[in-house]
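2 protein chains.
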Amino acid sequence: MTNAEAVTVTNKQIIFPDYVTGFPKESDLKITTTTIDLRLPEGSTSVLVKNLYLSCDPYMRICMGKPDPLSSSLVPPYKTGVPIIGLGVSKVIDSGHPDYKKGDLLWGLVGWEEYSVITLTTYSHFKIEHTDVPLSYYTGLLGMPGMTAYAGFYEVCSPKKGETVFVSAASGAVGQLVGQFAKLMGCYVVGSAGSKEKVYLLKTKFGFDDAFNYKEEKDFSAALKRYFPEGIDIYFENVGGKMLDAVLINMKLHGRVAVCGMISQYNLVDPEGVHNLPTILYKRIQLQGFGVCDFYDKYPKFLDFVLPYIREGKITYVEDIAEGFESGPSALLGLFEGKNVGKQLFVVARE
Amino acid sequence: MTNAEAVTVTNKQIIFPDYVTGFPKESDLKITTTTIDLRLPEGSTSVLVKNLYLSCDPYMRICMGKPDPLSSSLVPPYKTGVPIIGLGVSKVIDSGHPDYKKGDLLWGLVGWEEYSVITLTTYSHFKIEHTDVPLSYYTGLLGMPGMTAYAGFYEVCSPKKGETVFVSAASGAVGQLVGQFAKLMGCYVVGSAGSKEKVYLLKTKFGFDDAFNYKEEKDFSAALKRYFPEGIDIYFENVGGKMLDAVLINMKLHGRVAVCGMISQYNLVDPEGVHNLPTILYKRIQLQGFGVCDFYDKYPKFLDFVLPYIREGKITYVEDIAEGFESGPSALLGLFEGKNVGKQLFVVARE
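If you read the protein sequences in the order shown, they are chains W and G. Mapping of the first sequence onto full-length UniProt numbering: residues 1 to 351, in sequence order. Mapping of the second sequence onto full-length UniProt numbering: residues 1 to 351, in sequence order.
Think of the hints as simulated: they come from the structure by calculation, not from any bench. One or more hints might be untrue.
As the list claims (entries may be wrong) - For the chain W half of the interface with chain G, some residues (derived, Cβ under 10 angstroms), not all of them: (1) 73; (2) 123; (3) 270; (4) 282; (5) 287; (6) 288; (7) 291.
To be verified - Distance condition first, Cα-Cα at most 25 angstroms in a straight line; then the derived SDA-like pairs of lysine to any residue: (8) 225(G) - 67(W); (9) 339(G) - 73(G); (10) 161(W) - 73(G); (11) 160(G) - 293(W).
What the hints assert, rightly or not - To list a few chain G residues with every Cβ distance to chain W over 10 angstroms, as calculated: (12) 35; (13) 66; (14) 80; (15) 162; (16) 185; (17) 213; (18) 271; (19) 283; (20) 316; (21) 319; (22) 326; (23) 349; (24) 350.
All C-beta atoms in this analysis are idealised placements derived from N, C-alpha and C, irrespective of residue type, glycine included.
Between the sequences and the hints, there should be enough to build the whole structure, so can you do that?
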């Protein structure tokens with residue numbers, strides 16, 4: 001049963017022409033315009049949505065690489081010639097699915113286009129029930145990155161009060177929350193980021209105990225020793241490569257590393273070598289790779305946990321919002337140069 | 001209260017002259033002869049033992065390196081100018097400790113010498129209660145390596161029936177047991193070792209489903225794909241470096257790696273780079289470094305588990321026993337060239 005009017009509108013799309021090697025360029029994403037009928041065919045069980053906010057996330061670089069059975073265990077490669085798939089906040093225009101009706105809001109996987117027809121699978125989409133908080137938060141704090149920080153910190157790292165926590169890419173969509181969760185837990189937390197502005201944010205806005213600009217440090221290990229003279233209990237890993245090498249030799253006995261991302265490696269044809277792995281043995285360290293997809297059953301519990309903190313102003317969130325559909329490609333590519341300050345997204349439409 | 005005769009005897013010792021870089025040589029271990037009084041001083045709380053079997057273990061190479069705060073979290077560096085410390089099976093000659101009396105047998109940390117005066121600390125020594133099994137087993141199957149295999153496989157790897165298991169250095173003191181534990185658990189298990197003879201042992205004596213000689217493989221990853229077309233659930237890591245790199249890309253989703261040792265790295269001035277760490281993220285793999293010292297509270301439980309299997313012939317153990325005190329240095333150094341077949345130890349005295 002459909003309830004939309006039978007109108008056909010233009011639908012701008014960001015197409016993925018071909019697989020990418022090295023740093024992606026703007027030419028790797030092409031904007032085209034097509035049309036779409038704003039009514040689903042009779043009998044459809046899909047949902048037709050208007051996309052409001054589209055999310056730029058580091059994992060998307062993995063999807064842009066040549067299909068690889070290794071990385072596709074976490075995220076599938078993009079299909080060429082069609083729009084990029086990403087997370088977005090969308091409004092239902094027409095629905096053949098019993099769980100959604102016209103006007104409902106949801107977040108989940110959509111095409112990078114103005115209108116998408118989506119097929120619901122387990123945890124592919126979540127209905128947005130709470131709208132007293134910014135709707136764009138459902139691409140970040142209240143969406144996949146928020147759940148990632150929650151699952152990675154609480155479930156993977158098993159933090160205890162008083163422990164020392166280091167977060168890399170700390171002002172990003174996930175890192176800024178991990179730092180705030182660590183403070184709520186009574187931990188000492190230091191973050192690294194790639195600019196003075198981000199370091200300032202970490203220390204003032206997000207309440208990190210300290211922070212440093214990794215681009216100003218010749219020796220990451222020496223920097224870590226400055227902030228963690230007694231060593232690190234928990235490392236929330238977003239970066240990989242040289243940073244991981246430096247962290248390993250600064251970990252405490254029985255330390256835990258939650259491997260959430262390795263953004264420094266995604267654009268390399270050959271990943272860097274990490275040399276200090278014997279430390280895993282010496283210090284009896286746990287490295288745990290995780291994906292948020294394994295934790296989505298805890299999403300309602302996460303909302304119950306985090307919404308009161310947001311309403312009381314005890315958790316804050318910084319977004320880097322690009323305006324307009326055409327800004328999508330540069331917003332995404334900026335992630336890999338650290339241009340974003342906070343969670344990167346772009347606005348397709350405000351309602 | 002002491003109960004030994006006041007006799008002074010010669011005491012041969014294997015002295016550690018200085019810290020070692022690269023592969024240790026025989027000149028890095030010097031045999032000297034001193035004397036010892038076979039009666040403890042009045043009021044001593046120590047135990048004086050005659051050493052019967054002394055154990056050669058890969059971790060000892062770590063102790064021979066320059067003192068390093070990283071590795072000393074697992075094992076302390078040796079002191080120079082005094083005997084090497086290792087694990088041994090010993091007989092009590094005189095005791096000032098209430099838990100031991102003359103004639104008792106124990107295993108634990110002793111000097112590489114004919115007679116040692118030992119001071120008991122928590123889990124430094126264990127009384128040998130079961131002597132219907134070979135006494136030398138307390139340097140291996142029933143001692144530290146056995147407990148290592150037990151804790152590493154059951155506690156760290158959380159194995160399930162039907163899972164696929166890969167063990168490197170599989171014919172060694174620990175590996176041969178991990179393979180047998182894996183078969184008892186109903187797993188499929190493949191081992192790697194460094195000679196035809198060892199591969200034969202793995203397949204015939206220890207019941208591994210398959211085994212390969214890593215020295216005959218140009219491409220470790222291709223070898224692993226041959227034996228694990230569907231991937232590896234559990235990797236029991238004894239080797240590190242290139243082997244770890246190859247294993248990582250052959251792991252299954254949610255695979256577990258128990259990091260027990262990295263013998264290929266101990267003699268390197270700079271450890272090799274491991275390049276495939278992004279796989280930890282993609283496959284959501286756990287790497288867990290562990291030390292047997294964290295599990296010694298489970299030693300009685302381990303004995304209850306393993307002794308019946310030994311008595312019923314369901315677990316077997318291969319030892320490489322060098323004869324005589326003078327054979328100690330070459331026995332130890334042979335480990336780093338893979339000369340040992342099975343658990344390496346040497347006999348100081350049979351009783």
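Now the hints, each set against the structure:
Look at residue 73(W): its Cβ gets to within about 5 angstroms of chain G, closer than 10 angstroms, so that hint holds up. For residue 123(W), the suggested interface contact is broken, since its CB lies about 16 angstroms from the closest CB of chain G, more than 10 angstroms. The interface hint given for residue 270(W) is met, as the beta carbon of that residue sits about 6 angstroms from the closest beta carbon of chain G, less than 10 angstroms. Below 10 angstroms, beta-carbon pairs count as interface contacts, and residue 282(W) has one with chain G at about 4 angstroms; its hint therefore holds.
Proximity of residue 287(W) to chain G holds as hinted, the smallest CB-CB distance being about 4 angstroms (cut-off 10 angstroms). Hint status for residue 288(W): holds, given a least beta-carbon distance of 5 angstroms to chain G, under 10 angstroms. Look at residue 291(W): its Cβ gets to within about 5 angstroms of chain G, closer than 10 angstroms, so that hint holds up. Taking the CA atoms of residue 225(G) and residue 67(W), the gap is about 19 angstroms. The hint holds against a cut of 25 angstroms.
Distance restraint check for residue 339(G) and residue 73(G): the Cα-Cα separation of roughly 28 angstroms exceeds the 25 angstroms cut-off, and the hinted pair is therefore not satisfied. Only pairs whose Cα atoms come within 25 angstroms are accepted, and residue 161(W) paired with residue 73(G) is accepted, the gap being roughly 23 angstroms. Distance check on the hinted pair: residue 160(G) and residue 293(W) sit about 23 angstroms apart at the alpha-carbon level, within 25 angstroms; holds. Listed as a non-interface residue, residue 35(G) keeps its Cβ farther than 10 angstroms from every Cβ of chain W; the least gap is roughly 38 angstroms.
The Cβ of residue 66(G) sits about 14 angstroms from the closest Cβ of chain W, beyond the 10 angstroms cut-off, so the non-interface label holds. With 10 angstroms as the threshold on Cβ separation, the claim that residue 80(G) sits away from chain W holds: the shortest Cβ distance comes to roughly 21 angstroms. The claim that residue 162(G) is not at the interface with chain W holds, since no C-beta of that chain comes within 10 angstroms of its own (minimum 20 angstroms). Every C-beta of chain W lies more than 10 angstroms from that of residue 185(G), the closest at about 22 angstroms, which supports listing it as non-interface.
Annotated as non-interface, residue 213(G) keeps its C-beta farther than 10 angstroms from every C-beta of chain W; the closest such distance is 24 angstroms. With a cut of 10 angstroms on Cβ distances, residue 271(G) falls inside the contact zone with chain W, its closest approach being about 5 angstroms. A beta-carbon of chain W comes within 10 angstroms of the beta-carbon of residue 283(G); the shortest separation is about 5 angstroms. At roughly 28 angstroms from the closest C-beta of chain W, the C-beta of residue 316(G) stays outside 10 angstroms, upholding its exclusion from the interface.
Against the 10 angstroms criterion, residue 319(G) stays outside the reach of chain W, whose nearest CB is about 25 angstroms from its own CB. For residue 326(G), the condition that its CB be more than 10 angstroms from all CB atoms of chain W holds, with the nearest at approximately 32 angstroms. Residue placement check: residue 349(G) keeps its beta carbon more than 10 angstroms from all beta carbons of chain W (closest about 34 angstroms). No Cβ of chain W approaches the Cβ of residue 350(G) within 10 angstroms, the least distance being about 35 angstroms, so the stated non-interface status holds.
When the structure is compared with the earlier hints, violations turn up for hints 2, 9, 18, 19 and for no others.
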